[in-house]
Each structure stands twice: as C-alpha cells, then as structure tokens.
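My numbering applies: residue 1 is where the sequence shown begins, and numbers increase by one.
Be careful, since some hints might not be right.
[Claimed, not checked] Think about it this way: if two alpha-carbon atoms lie no more than 25 Å apart in a straight line, the pair counts; the simulated DMTMM-like pairs of lysine to aspartate or glutamate are:
{"hint": "1", "residue 1": "Lys30", "residue 2": "Glu17"}
{"hint": "2", "residue 1": "Lys45", "residue 2": "Glu107"}
{"hint": "3", "residue 1": "Lys91", "residue 2": "Asp53"}
{"hint": "4", "residue 1": "Lys111", "residue 2": "Glu39"}
{"hint": "5", "residue 1": "Lys30", "residue 2": "Asp122"}
{"hint": "6", "residue 1": "Lys91", "residue 2": "Asp31"}
[To be verified] The following label-pair restraints were derived from C-beta to C-beta distances:
{"hint": "7", "residue 1": "Pro70", "residue 2": "Met106", "range": "16 to 24 Å"}
{"hint": "8", "residue 1": "Asn81", "residue 2": "Gly26", "range": "22 to 30 Å"}
{"hint": "9", "residue 1": "Ala25", "residue 2": "Pro70", "range": "17 to 25 Å"}
{"hint": "10", "residue 1": "Gln104", "residue 2": "Glu39", "range": "29 to 37 Å"}
{"hint": "11", "residue 1": "Ala6", "residue 2": "Asn74", "range": "20 to 28 Å"}
{"hint": "12", "residue 1": "Lys111", "residue 2": "Asn81", "range": "30 to 38 Å"}
{"hint": "13", "residue 1": "Ser3", "residue 2": "His54", "range": "19 to 27 Å"}
{"hint": "14", "residue 1": "Ile11", "residue 2": "Glu39", "range": "15 to 23 Å"}
{"hint": "15", "residue 1": "Asp22", "residue 2": "Asn81", "range": "41 to 49 Å"}
{"hint": "16", "residue 1": "Asp122", "residue 2": "Ala50", "range": "18 to 26 Å"}
{"hint": "17", "residue 1": "Leu16", "residue 2": "Asp77", "range": "18 to 26 Å"}
{"hint": "18", "residue 1": "Asp122", "residue 2": "Thr28", "range": "21 to 29 Å"}
Just so you know, the hints here were simulated from the structure itself, not pulled from any lab data. Remember, it's a predicted structure, so these values are computed and weren't measured experimentally. Glycine residues also receive a C-beta, built at the ideal position from the N, C-alpha and C atoms.
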Amino acid sequence: QVSVHARLLQIFSLNLEAFVNDLKAGGTFKDTLILVFSEFGRRLKQNAAAGTDHGAANNVFVIGENLKKPGIYNPMDDLINLDEIGDIRYKIDFRSIYSSILNQWMEVDDKSILDSTFDRLDFI
1 QVSVHARLLQ IFSLNLEAFV NDLKAGGTFK DTLILVFSEF GRRLKQNAAA
51 GTDHGAANNV FVIGENLKKP GIYNPMDDLI NLDEIGDIRY KIDFRSIYSS
101 ILNQWMEVDD KSILDSTFDR LDFI
C-alpha cells in the first residue's frame, strides 16, 4: 500500500502544481481557492488485507494566493489517544472549514447551507 500511495501522491502533486501554474499564468490564481478533501481518513491498524480501514481523522488542503495563514493548521495527530473504536481523533471539524469558505470566501450564508453554525477558522 505504501508504494501505491506514494505514486498516487506524486501524480496528485504534479497535477496540482500544473493547475496552479496555469492559474498563475492566466492571472486568475488570486481569485481562486482550491480545496482538497477526502471523505474519510484511515485507521492506524493494518487490516487482514494488508491495508487500512476507513477512519475518522483526515487531512484537508486549502490552497490560494490570498490566504491569511498559509501553512499547516492542525497540530500533529495524537497516535496514542485514539477514540473508542481505534480512530485518530480529529481536531478541526471539516464543517468549520466549509463554514469558513462559504462565509469568508464565497460570501454566502453558511448557516442556511450547512443547516447549523460552526466555528469559523481565520485562514481566509
């Protein structure tokens, strides 16, 4: 699984870099916000098929020229204090990321879309 994952991440990285370079060349990167999100994380423990099952915690990439706080936002995962079913505990609710983007980037009422209120993050 490690070699396949490394190859896929390299393909992703090269294509994302090409996309950002195209946006910059066209003068539109400043008006673009890229969100990369996977609908699930992975568990730490390997399963019987030499892979890992879906988990709770995840990584999200937000890429743009106009970010207030570029860089890594989350502290490193705690690999010792797992939740009751063995998942890494998430530290930032993904709905807070959505709420922040909807309200601060798209300038729409995030509550009417998400049907609730979530803490907004200060990266936009």
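Right, here's what the structure says about each hint:
Simply put, Lys30 and Glu17 have alpha-carbon atoms about 15 Å apart, close enough for the 25 Å limit, and the pair holds. Taken as a hint, the Lys45 and Glu107 pair is broken in the structure, with Cα atoms around 41 Å apart against an allowance of 25 Å. A hinted pair counts as satisfied when its Cα atoms are at most 25 Å apart, and Lys91 with Asp53 qualifies at roughly 20 Å. A distance of roughly 21 Å separates the Cα atoms of Lys111 and Glu39; the hinted pair therefore holds under the 25 Å criterion.
Proposed proximity of Lys30 and Asp122 is supported: the alpha carbons are some 18 Å apart, at most 25 Å. Taken as a hint, the Lys91 and Asp31 pair is broken in the structure, with Cα atoms around 29 Å apart against an allowance of 25 Å. In this structure the hint that Pro70 and Met106 lie 16 to 24 Å apart at CB holds, the actual value being about 19 Å. A hinted range of 22 to 30 Å for the beta carbons of Asn81 and Gly26 is inconsistent with their spacing of about 46 Å.
Between Ala25 and Pro70, the C-beta spacing of about 20 Å keeps the proposed range 17 to 25 Å intact. Checked against the hint of 29 to 37 Å, the C-beta distance between Gln104 and Glu39 comes to roughly 23 Å, which is inconsistent with it. Roughly 22 Å separates the CB atoms of Ala6 and Asn74, a value that falls within the hinted 20 to 28 Å. At roughly 32 Å, the beta carbons of Lys111 and Asn81 sit within the given window of 30 to 38 Å.
At about 21 Å, the beta-carbon gap between Ser3 and His54 stays in the expected band of 19 to 27 Å. Roughly 19 Å separates the CB atoms of Ile11 and Glu39, a value that falls within the hinted 15 to 23 Å. A C-beta distance of roughly 42 Å is found between Asp22 and Asn81, which places it inside the suggested range of 41 to 49 Å. The supplied range of 18 to 26 Å is broken by Asp122 and Ala50, whose beta-carbon atoms lie about 41 Å from each other.
Between Leu16 and Asp77 the Cβ separation comes to about 23 Å, which falls inside the hinted range of 18 to 26 Å. For Asp122 paired with Thr28, a C-beta distance near 24 Å keeps the hint of 21 to 29 Å intact.
The structure is inconsistent with the numbered hints 2, 6, 8, 10, 16, although it conforms to all the rest.
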